[in-house]
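A.B. asks: All chains should be built: construct the whole structure from the sequences, respecting the hints.
Spelled out from the first residue to the last, the chains are:
Protein chains: 2
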Amino acid sequence: MEEDEHVEPWVEIESMVQSGDVDQLDEFMTNLPPGENARALSRLGDEEQAEILGLLPQKDAAALLEELPEPQSVGILEHLSPDQAAAIVSEAPSNQQANFLGAMGSEQAEAILDRMTPEDAEDVRQLVQYASDTAGGLMVTECLVFDKDLRVGDVIDDLRENAEKYASFNVQYAYIVSPEDGLVGVLRFRDLLLSSRQRPIVSIMIAEPVSVHHDVGLDKLHLTLERYPLFGLPVTDDNNRLLGVVHRSNVQKAVQEQANRSLLRFAGIVGGEEFRSMPLRLRATRRLSWLSINIFLNLLAASVIAYHQDTLAAVISLAVFLPIISDMSGCSGNQAVAVSMRELVLGLIKPYELLRVIGKEASVGLINGTVLGAIIGGVAYIWKGNPVLGLVVGAALAINTLLAVCLGGAIPLLLRKLRQDPALASGPILTTLTDMCGFFLVLSFASAALPWISTP
Amino acid sequence: MEEDEHVEPWVEIESMVQSGDVDQLDEFMTNLPPGENARALSRLGDEEQAEILGLLPQKDAAALLEELPEPQSVGILEHLSPDQAAAIVSEAPSNQQANFLGAMGSEQAEAILDRMTPEDAEDVRQLVQYASDTAGGLMVTECLVFDKDLRVGDVIDDLRENAEKYASFNVQYAYIVSPEDGLVGVLRFRDLLLSSRQRPIVSIMIAEPVSVHHDVGLDKLHLTLERYPLFGLPVTDDNNRLLGVVHRSNVQKAVQEQANRSLLRFAGIVGGEEFRSMPLRLRATRRLSWLSINIFLNLLAASVIAYHQDTLAAVISLAVFLPIISDMSGCSGNQAVAVSMRELVLGLIKPYELLRVIGKEASVGLINGTVLGAIIGGVAYIWKGNPVLGLVVGAALAINTLLAVCLGGAIPLLLRKLRQDPALASGPILTTLTDMCGFFLVLSFASAALPWISTP
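Protein sequences appear in the order of chains C and S.
Residue numbers for the first sequence follow our numbering, beginning at 142 and rising by one.
Residue numbers for the second sequence follow our numbering, beginning at 142 and rising by one.
Take these hints with a grain of salt, some might be off.
It does not matter which identical chain is meant; a pair holds if it fits inside one copy or across any two.
To be verified - The list that follows gives simulated cross-link-like pairs (lysine-lysine, PhoX-like), each with its CA atoms no further than 25 angstroms apart:
1. K394 <-> K289
2. K394 <-> K361
3. K394 <-> K525
4. K200 <-> K306
5. K361 <-> K200
FYI, nobody ran anything at the bench for these hints, they're computed from the structure.
C.D. replies: Written out as structure tokens, the structure is:
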């Protein structure tokens with residue numbers, strides 16, 4: 142709108158689709174600055190996006206899908222014919238295939254699997270079964286595996302023969318296995334380069350390599366890669382057989398997605414990413430499902446006010462302070478929630494260390510509660526010239542701040558213990574509790590001090 | 142507390158330090174599960190943590206520091222003698238050195254630099270000058286560089302000679318440069334492996350490689366690596382001279398830290414990470430600095446209520462709905478804020494696309510505002526048996542929800558235009574505005590409808 146002279150890329154893309162100039166379209170999209178493809182496509186309808194993907198060479202279409210945010214890619218795949226979708230998906234790495242198909246409707250996924258090669262389809266069926274944030278769910282099956290009895294020359298010959306196939310593997314190590322013991326070692330390309338052809342590979346491999354079981358979770362994977370400077374971790378089953386490799390980049394991507402998901406859930410976006418290119422009905426109902434729970438929690442908290450209406454009628458100026466106490470306690474508590482969530486992710490606290498967290502929060506709460514209470518009490522005093530009113534409001538906020546930070550620190554630990562997502566539930570639970578306590582404190586202090594603060 | 146039979150690792154560490162058994166300590170810490178070192182050390186005092194690091198072999202101490210969250214590492218380094226700190230820092234990769242020293246007090250950093258080798262110190266001084274979230278700030282200077290006139294055999298011989306030195310580089314490519322043209326190509330180890338010694342490296346290198354200028358920002362780096370499946374991007378200056386390499390893993394780490402920072406700021410933790418092992422004064426004052434701004438914004442918003450006290454006195458039950466309207470509008474608006482922040486990071490919207498965002502939000506706001514307004518209006522009607530009261534409260538929430546989502550969607554774009562951090566400022570700005578509007582709407586609707594809703 143504001144930049145009239147600038148032609149937005151989706152306008153150009155549309156005209157190339159209309160003129161049917163596929164080569165020009167392919168070149169245009171390949172040369173758009175990184176990130177612009179996602180933006181351009183998101184401005185077009187689902188059908189239109191699918192049409193464009195269908196026009197591009199399959200390899201380029203697959204690369205494009207990998208570049209887009211996942212919900213967008215899946216949306217496009219769902220609008221392609223199963224034949225086209227299968228051809229494009231087959232060009233992606235195995236874990237990406239599993240992600241795409243796992244996020245789709247099961248009928249559509251089956252239709253695509255039926256059209257892939259039986260081996261690829263089998264791989265994907267296996268991968269889809271692992272939970273998404275585990276080593277099994279994050280690994281790729283594309284990796285180089287050699288028998289432990291080979292020599293350096295054999296490996297180099299195999300690499301040379303299959304150079305084409307391996308080129309897309311993006312691997313830095315080869316894994317050495319034996320039929321009896323499963324994974325026995327890791328071979329670095331670098332060492333291969335510097336050794337004579339006759340050496341047995343077992344003599345240059347790194348024996349007893351770091352590996353992870355397929356059900357190891359994301360937090361643990363992340364911490365393991367923080368410790369060891371590896372590009373990938375081999376993933377094994379109960380019998381130490383090699384299943385695949387988790388690449389560092391996939392773990393980091395998953396951790397990053399987790400942090401984003403936390404941010405979104407913390408802000409009440411539930412049920413996956415939301416982009417404004419998604420259908421209105423989906424966006425509105427997803428947001429509403431969370432809001433409508435929240436409104437009933439709010440009504441619950443506000444019922445405390447209704448219960449004390451007489452006090453409020455006697456001291457109407459209290460009504461000014463109720464929303465402030467509610468908001469400030471929520472803010473103080475949310476700070477503590479965020480710190481607990483970070484410490485949990487980093488492994489700096491365990492869910493059972495509840496008392497330590499509450500102790501640490503209580504001291505912050507005492508200080509901040511005193512300061513905030515003094516501010517609000519001072520304002521109330523000056524405004525109405527009534528020191529008792531100041532005391533009532535200030536004391537209520539001070540005590541409620543203390544409560545809020547202790548609750549805020551504790552709730553994520555409790556939720557984690559119950560295997561719930563702290564990012565999602567901490568906020569609503571916290572604010573409902575702190576609202577109820579805050580309203581109760583102000584109004585019951587006020588009713589006790591009524592003779593000194595009521596307006597005639 | 143709850144697990145009495147379990148000896149926490151910091152207790153064991155303390156006893157090993159006291160008995161002075163360094164080998165045992167080193168082994169114990171190396172074998173703690175990933176993540177446990179950070180937790181164990183965070184339970185000890187700064188002096189004690191520094192003492193432990195000083196006892197360990199420098200290489201292991203450096204590896205340990207890399208494993209810890211950065212604020213914790215920097216805290217420990219600051220408590221070491223400059224000699225010890227310099228010895229340990231020298232073992233870390235160059236960008237890590239720059240991060241550590243950049244986060245320290247400048248006197249302490251200088252003292253450490255003085256004790257490093259002149260070349261290392263010079264590298265770090267260079268690196269510190271680049272802004273942290275740019276290619277320059279994220280790159281390492283450790284990379285393999287060869288002149289374009291060499292042959293495959295020359296490169297292999299050099300790799301063999303310097304195997305020791307290169308082992309710590311963790312690189313997958315060598316970069317090919319010419320004195321005149323700077324960076325001209327990239328050589329993959331794999332291709333080196335498969336070629337004869339006599340071939341000139343220019344014939345097997347990838348010419349015109351993807352590279353980035355040192356001032357390219359994190360978002361762009363991230364999008365570039367989404368497109369190209371590379372382990373690292375070469376970083377160049379204005380004259381195409383090679384300065385270093387940004388590894389994919391460092392970019393992903395930075396993106397992840399950015400997402401965490403957003404979450405923390407969104408929740409009002411400002412000024413860097415907060416861990417509960419940090420000093421109380423720092424934790425309390427950092428949180429308070431944000432809260433004390435917020436409390437004045439709250440007072441500003443609540444002044445709208447004070448202004449309409451007479452209306453409120455006439456219809457005291459409105460006081461029950463004020464905090465609900467405030468909280469619900471804040472929640473609706475924050476959902477829109479989160480979606481805008483995500484879309485900005487992913488490049489799906491540009492700051493100038495304000496009208497598109499407001500349009501998309503308005504339709505969600507109309508639907509959700511109607512539903513939420515109906516709920517709250519219905520409750521008010523049933524509670525007081527007064528349909529006009531229901532209408533007043535419901536209409537106010539409906540309109541305010543529409544306003545809140547439009548503001549919530551727009552504010553991050555405006556802040557980005559002004560080069561401010563949306564995660565930090567969006568929340569307080571949003572809630573202040575929506576509170577003011579919300580209070581104003583309810584109370585002025587109520588005052589217009591006073592004859593029908595006032596309690597006698």
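A.B. asks: Taking the hints in turn, state whether each one holds.
C.D. replies: Hint check:
1. K394 <-> K289: Neither way: K394 and K289 sit 33 angstroms apart in one copy and 35 angstroms across, limit 25 angstroms.
2. K394 <-> K361: both (15 angstroms within a copy, 16 angstroms between copies)
3. K394 <-> K525: neither (55 angstroms within a copy, 53 angstroms between copies)
4. K200 <-> K306: Classified as within: same-chain Cα gap 14 angstroms, cross-chain 39 angstroms, threshold 25 angstroms.
5. K361 <-> K200: Cα proximity of K361 and K200: across copies only (23 angstroms, versus 34 angstroms in one copy).
When held up to the earlier numbered hints, the structure conflicts with 1 and 3 and fits the remainder.
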